[in-house]
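Number of protein chains: 2
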Amino acid sequence: MSTGEKESPMTTVVPDYQHKTKEHPVAIMNPKAEAGAKDRLILGWLWKLMGQPAIRLALWDGWEVGAEDGTAVERLVFHDRRALWKVAFNPELQFGEMYTKGRLHVEGDLVHLLEKIYRSMARVYSPTGWLSLLERFRFYRPNSLERARGNIHHHYDIGNDFYRLWLDPEMLYTCAYFPREFTDLEEAQIAKMDHVARKLWLKPGERVVEAGCGWGSLALHLARKYGVFVEAYNISHEQLVHARERARQAGMECRVRYIEADYREIQGRFDVFVSVGMLEHVGVRHYDELSQVIDRCLTPEGRGLIHSIGRDQPGNLNAWIRKRIFPGAQPPSLSEMSRIFEPRGLSVLDVENIRLHYAKTLDYWLQKYDRAESQVQAMFDADFVRAWRLYLAGSVAAFRMGSLQLFQVVFARSGCNAIPWTREHLYRG
Amino acid sequence: MSTGEKESPMTTVVPDYQHKTKEHPVAIMNPKAEAGAKDRLILGWLWKLMGQPAIRLALWDGWEVGAEDGTAVERLVFHDRRALWKVAFNPELQFGEMYTKGRLHVEGDLVHLLEKIYRSMARVYSPTGWLSLLERFRFYRPNSLERARGNIHHHYDIGNDFYRLWLDPEMLYTCAYFPREFTDLEEAQIAKMDHVARKLWLKPGERVVEAGCGWGSLALHLARKYGVFVEAYNISHEQLVHARERARQAGMECRVRYIEADYREIQGRFDVFVSVGMLEHVGVRHYDELSQVIDRCLTPEGRGLIHSIGRDQPGNLNAWIRKRIFPGAQPPSLSEMSRIFEPRGLSVLDVENIRLHYAKTLDYWLQKYDRAESQVQAMFDADFVRAWRLYLAGSVAAFRMGSLQLFQVVFARSGCNAIPWTREHLYRG
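Residue numbers (our numbering), protein chains in the order written: chain A, 1 to 429; chain B, 1 to 429.
These aren't lab readings, by the way, just hints derived from the structure by calculation.
Some clues are possibly wrong.
Quick look at which bits of chain A chain B covers, simulated, 3 or more residues with Cβ under 8 Å [claimed, not checked]:
#1 310-323
#2 326-337
#3 344-350
#4 392-403
#5 409-423
Pairwise CB distance ranges, derived in the manner of DEER restraints [what the hints assert, rightly or not]:
#6 A:W45 <-> B:E289: 33 to 39 Å
#7 B:R123 <-> A:E424: 31 to 37 Å
#8 A:Q377 <-> B:E289: 55 to 61 Å
#9 B:K225 <-> A:Q377: 57 to 63 Å
#10 B:K225 <-> A:R248: 54 to 60 Å
#11 A:R207 <-> B:E107: 39 to 45 Å
#12 B:E289 <-> A:K368: 46 to 52 Å
#13 A:W63 <-> B:N417: 33 to 39 Å
#14 B:N417 <-> A:D157: 31 to 37 Å
#15 A:Q375 <-> B:K225: 53 to 59 Å
#16 B:W421 <-> A:Q377: 34 to 40 Å
#17 B:A418 <-> A:N90: 33 to 39 Å
#18 B:T71 <-> A:E260: 42 to 48 Å
#19 A:E289 <-> B:D370: 46 to 52 Å
Note that beta-carbon positions come from the ideal geometry of N, C-alpha and C, so glycine has one too.
Just chain A, with the same shape it has in the complex:
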């Protein structure tokens, strides 16, 4: 069944507006145009579908449903019938699409509204229901070498200047680690790199390979502060240009090599394998390839760390995020991550879940992003501004309510006894 005004005999929208809808969807908003009984039914049904969160939903003519008890300070307003029906029939994808196009808007805090919806939906829907399983198989597309490049280009090559507007000065686009509540983002990103380095008990002169190095900060930090040699792989060209320039300026080209290649193309033997924020883009069905790479490149006393967005149960990212923001991305559950370690005798030494640190990191990003709104709009357009705001706000909400996790997993070869006695060294000084 397709949606749209044409099929609704109950339409009360003036034909002029209908015509405009096709060309300039935003223009249809008219608070005075009365909605029909079907629209009201759909709105009420949508609120129930969401699990009756403590928010209000409103139509373009001001008609409302939602929580009545005064806890609903956020309001979701639909601007036109077509937007309402699209969201009703495919909420996972169309909520994002309609928000991006400005055909619905949120009054009050966007993060709070999303968190309320996520939490109420989690109460209503089982994460292991057959629908979620079906969905899992339907949407996933394998990351071949070529498609992986396309997927990564889609997100990471949209301009270093854009990311510079709202990331920290080191350009770390992964979860920070806040040792204290009052640590700021810049300190927390450096603390994250040190947390990772300590977990890997690096020794000067060791050889480190980094899979998915972003703008190169971790590789540079490890080489400078811990005296190791790093080969850092990435398939985002724009990021590597920036990374190489920084290494050159720091006079560290002798210790850090940035290589434009896929993790599957890693060559050589290393004491340490590290990957921060790449696994999400690998896809579960490619974990055996990753496992082979790690097995091939690690020395007998080698160890590694994988830092990745994850989930408490197998499942997919929101459909809109996968379509518009992160094509090919798939955050794994721990049992899925085990497919990297178990088949090749890698022993998991330590798993830390720092989900709330990612909520805080994203909150910092969102605040900086909102302050840079006019600059983003000048670079792209209003749709882009809204899409990325929704992505950042939705991510804050997802980490806060636990639909996403952040796992740091430390591993070594099975039976290797050159491992730290306790984890106390992570928290010294």
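For chain A, the structure is supplied; the task is to place chain B on it using the hints.
Same frame as chain A, but now just chain B:
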């Protein structure tokens, strides 16, 4: 093909000895009785089957094979042909059987010999080969309520006086935690209880349920030091008698209740679920029942800790250990443990692998056990003494070379934000 002298035309053993074999196997040992060519072939083949570890293997007549390079300070001596052939045809089970019966003995350090064999076998055999898979399905018997009681009775009800000989004064029969290298066993067992308590961030007055409480020390320690109320479940009658007496003497009966029942019979709602050293006895196919129990008994802000022997890959305990020492036991891999958490929206916050701490704990036990040998022999017999020595020594070797792991997993309900910000509090003071 069955084994034994009767079927070997090459036998050189005097018929008198053959007759004695059936009644008193040990009596057959006669260093002067010459072994045949087949025995020598078998011995050489056995060494190759083991992956050619740096040990020597010897027959009853003094004939030897093994490492030639001087690294072989340990020697494994077979006392009779039947023992040799039994071990050759079913090494996993019969090595333990023959050692127990004194029909083979080890010169040099038993732990070192076992560790060398395990390590060389791990090099030769893939942990995921079809044989290991076959073996997995063949030997496992589900732990019904009744059989679980039988299995636990087999190991834990053989006498508190026996365990008192070689455990610490608190009678903790699980992996200790050694914050420093020089911590002794008694301190390390208390440190383990505090490590567990900190991981659970207990608050005075909270309600704790313990599944599988052993001789009751952890429950008593948590109640006394952390001011919580504990209901502790166990199906070993002997252990509970001891536990209740201790609680009575400590005047803590108002805060600790010991209940003789299976974990599946846990009733009530609790802030904390804790289980130290029980999961090994549950069996992977019962994890869904355990998961249900946890889900049923935890409050919305509840959290839990499971401390268990584990493995880097799915697999079974050594066949002899399962037959003679721990019937029904099955240490899980992390992917197998995930079956407890993932289906019911439990979020894993922290996994720590303290395998080397268990090797050290077992080393302490083995030393005390060896010092108490004459007392153990007076309680049981020489076969029992040898069987338990092999079990303890084999366990030291298994944890040291990584065929066994020790996982502590902390979890909370998905999306619960009343969790510690970092793990630093575990290492304070």
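Worksheet item: Of the numbered hints stated previously, which ones are contradicted by the structure, given in increasing order?
Response: Violated hints: none; all satisfied.
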